[in-house]
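Colleague: The primary structure of each chain is shown beneath.
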Amino acid sequence: MRNIKYLFAGLLFGIVLVKSEVISWFRIQEMFRLQSFHMYGIIGSAIIVGMISVMIIKRYKIKTLTGDAIVIPDKKFSWGNVYGGLIFGLGWAITGACPGPLFAQIGSGFLVTSVTLLSAILGTWVYGLLREKLQH
Amino acid sequence: MDLITQPWPWYVAGPLIGLIVPALLIIGNKTFGISSSLRHICAACIPANISFFKYDWKKESWNLFFVAGIVLGGFISAEFLSANHPVDINPQTHAVLRQQGVKDFNGLLPKDVFSFDQLLTLRGFIFMVIGGFLVGFGTRYAGGCTSGHAIMGISNLQGPSLVATCCFMAGGFIMTWFILPYLLHL
Numbered sequence: 001m002r003n004i005k006y007l008f009a010g011l012l013f014g015i016v017l018v019k020s021e022v023i024s025w026f027r028i029q030e031m032f033r034l035q036s037f038h039m040y041g042i043i044g045s046a047i048i049v050g051m052i053s054v055m056i057i058k059r060y061k062i063k064t065l066t067g068d069a070i071v072i073p074d075k076k077f078s079w080g081n082v083y084g085g086l087i088f089g090l091g092w093a094i095t096g097a098c099p100g101p102l103f104a105q106i107g108s109g110f111l112v113t114s115v116t117l118l119s120a121i122l123g124t125w126v127y128g129l130l131r132e133k134l135q136h
Numbered sequence: 001m002d003l004i005t006q007p008w009p010w011y012v013a014g015p016l017i018g019l020i021v022p023a024l025l026i027i028g029n030k031t032f033g034i035s036s037s038l039r040h041i042c043a044a045c046i047p048a049n050i051s052f053f054k055y056d057w058k059k060e061s062w063n064l065f066f067v068a069g070i071v072l073g074g075f076i077s078a079e080f081l082s083a084n085h086p087v088d089i090n091p092q093t094h095a096v097l098r099q100q101g102v103k104d105f106n107g108l109l110p111k112d113v114f115s116f117d118q119l120l121t122l123r124g125f126i127f128m129v130i131g132g133f134l135v136g137f138g139t140r141y142a143g144g145c146t147s148g149h150a151i152m153g154i155s156n157l158q159g160p161s162l163v164a165t166c167c168f169m170a171g172g173f174i175m176t177w178f179i180l181p182y183l184l185h186l
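Order-wise, the sequence lines are chains A and B.
Residue numbering for the first sequence follows my numbering, starting at 1 and increasing by one per position.
Residue numbering for the second sequence follows my numbering, starting at 1 and increasing by one per position.
I should point out that these hints are in silico values taken from the structure, not numbers from a laboratory.
Check before you lean on any hint, since a few could be wrong.
Claimed, not checked - Derived BS3-like pairs: lysine-lysine, alpha-carbon spacing no greater than 27 Å straight-line:
(1) A:LYS5 to B:LYS58
(2) A:LYS5 to A:LYS61
(3) A:LYS63 to A:LYS5
(4) A:LYS61 to B:LYS59
(5) A:LYS63 to B:LYS59
(6) A:LYS63 to A:LYS76
(7) A:LYS58 to A:LYS76
(8) B:LYS54 to A:LYS76
(9) A:LYS5 to B:LYS59
(10) B:LYS59 to A:LYS76
(11) B:LYS54 to A:LYS133
(12) B:LYS58 to A:LYS63
(13) A:LYS76 to B:LYS58
(14) A:LYS76 to A:LYS133
(15) B:LYS59 to A:LYS58
(16) A:LYS76 to A:LYS61
Said to hold, decoys possible - Now the in silico label distances, taken between C-beta atoms and shown as ranges:
(17) A:LEU129 to B:LEU186: 23 to 31 Å
(18) B:THR121 to A:LYS61: 53 to 61 Å
(19) B:ILE126 to A:LEU34: 17 to 25 Å
(20) A:ILE62 to B:GLN99: 50 to 58 Å
(21) B:VAL96 to A:LYS63: 46 to 54 Å
Heads up, the beta-carbon is just placed ideally off N, CA and C, and yes, glycines get one too.
Taking the hints into account, I'd like the entire structure generated from these sequences.
Modeller: In C-alpha cells:
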C-alpha cells in the first residue's frame, strides 16, 4: 500500500504527457524535423526545473518524508550510452514514443501501442540475453 | 474548463514534468526513470536464468506502480480532460508527412500507420514491432531513456546522461531525415 503514492505521481505525469501532446507521434516528428519549439521547450524547461530542485535538495540537505537523507546515485559512463542511445533514438523517431508515452498512449485508448510496448519489453529482454557480448 | 481541455503549452507541461524529479526524491528517495520498468517486467515474468534479470525486482516495484499510474493518467486525460481535436502541428511538417505517405492527421497518432489492421503489413510491422524493439533494446543498452537520462540525469549534472541524450537526438535525426521517408512509403 505504501506504493500507492507512486501510482498517484505516475497518474499526474500521464495526464501531463497527454495534455501537452508529448505522446503524439506528430509532435515527435516536428521535433526531429526542427519545425517546432514545443518539445524542446518541454524537455528544456523540465530539465531546468529538475536541476534547480536537485540543487536546492543538495544545498539544504532536504530529507525524504520519512527523514532519510536523499541519495542520487551517479551514472558511470559506458559506450552503451552512445550505442544504446543511438539505437533508442532510431526507435523513438519511428514509434514517436519513448517509454513513458508508450504507457500513456495505451491508457488514452491507443490499444495497438500494447504491441509496441510488448516489443520494447522483448528488446529489453534480448539486451539482457546479449549483454555480455555487447561493447560497453 | 477550456484551459484544461485545450492542449497545454510547453511552459506549463515542462515545469510540471520537472517537478516529478524532486517529488519522487522526497516521497521516497526514488530517481525518476521509466525504462527500468521494462527490465523489472522481464525480471518478474521471463527471467530465464539470465543474470541481468536475477535481482529482487519486488524492491523496485514502486516503478511498476508509477507506470501503472501513467496508463491511468492517460485514460483520465483522454476520457475527461480532452477536447479531441487534431494536433495543431506546423503546416510544413503536415505537408512533408502527407507527401511522404501519411494520410490520417485526426488523432495523436496517424491511424493509417498505427492500428491493428496495419500490424500485418510490412510498414506497420516496422513502425510498431521493430520500432518498439529498438526502444526497449536501446534504452536498456543506454542505461535509461528520456526521463532517466535527459531529465533526471542532466538535472543531476551527469556527463554520461548528457552523452546519452545527444545520442538519442542524433539517432532520431538520422531516422527522421534519412530513413523514415523510405519506411513511410513502404
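Colleague: Decide, hint by hint, whether the structure agrees.
Modeller: Hint check results:
1. A:LYS5 to B:LYS58: With Cα atoms ~16 Å apart, LYS5 of chain A and LYS58 of chain B stay inside 27 Å; holds.
2. A:LYS5 to A:LYS61: Satisfied, since the Cα-Cα distance of roughly 23 Å is no more than 27 Å.
3. A:LYS63 to A:LYS5: Holds: LYS63 of chain A and LYS5 of chain A sit about 17 Å apart, inside 27 Å.
4. A:LYS61 to B:LYS59: 25 Å, holds
5. A:LYS63 to B:LYS59: Holds: LYS63 of chain A and LYS59 of chain B sit about 21 Å apart, inside 27 Å.
6. A:LYS63 to A:LYS76: Roughly 25 Å separates the two Cα atoms, so the pair holds.
7. A:LYS58 to A:LYS76: Holds - the C-alpha atoms of LYS76 of chain A and LYS58 of chain A are around 20 Å apart, at most 27 Å.
8. B:LYS54 to A:LYS76: Measuring from Cα to Cα gives roughly 21 Å; hence the hint holds.
9. A:LYS5 to B:LYS59: 15 Å, holds
10. B:LYS59 to A:LYS76: This hinted pair holds, its Cα atoms lying about 22 Å apart.
11. B:LYS54 to A:LYS133: This hinted pair holds, its Cα atoms lying about 18 Å apart.
12. B:LYS58 to A:LYS63: With Cα atoms ~24 Å apart, LYS58 of chain B and LYS63 of chain A stay inside 27 Å; holds.
13. A:LYS76 to B:LYS58: Holds, at about 24 Å.
14. A:LYS76 to A:LYS133: Roughly 19 Å separates the two Cα atoms, so the pair holds.
15. B:LYS59 to A:LYS58: With a Cα-Cα distance of about 25 Å, the restraint between LYS59 of chain B and LYS58 of chain A holds, given a limit of 27 Å.
16. A:LYS76 to A:LYS61: Since the Cα atoms of LYS76 of chain A and LYS61 of chain A sit roughly 24 Å apart, the hinted pair holds (cutoff 27 Å).
17. A:LEU129 to B:LEU186: 23 to 31 Å: 29 Å, holds
18. B:THR121 to A:LYS61: 53 to 61 Å: 56 Å, holds
19. B:ILE126 to A:LEU34: 17 to 25 Å: For LEU34 of chain A against ILE126 of chain B, whose Cβ atoms are near 24 Å apart, the range 17 to 25 Å holds.
20. A:ILE62 to B:GLN99: 50 to 58 Å: 52 Å, holds
21. B:VAL96 to A:LYS63: 46 to 54 Å: For VAL96 of chain B and LYS63 of chain A the Cβ distance comes to about 51 Å; the hint holds.
Against the hints set out earlier in the document, no violation occurs for any number.
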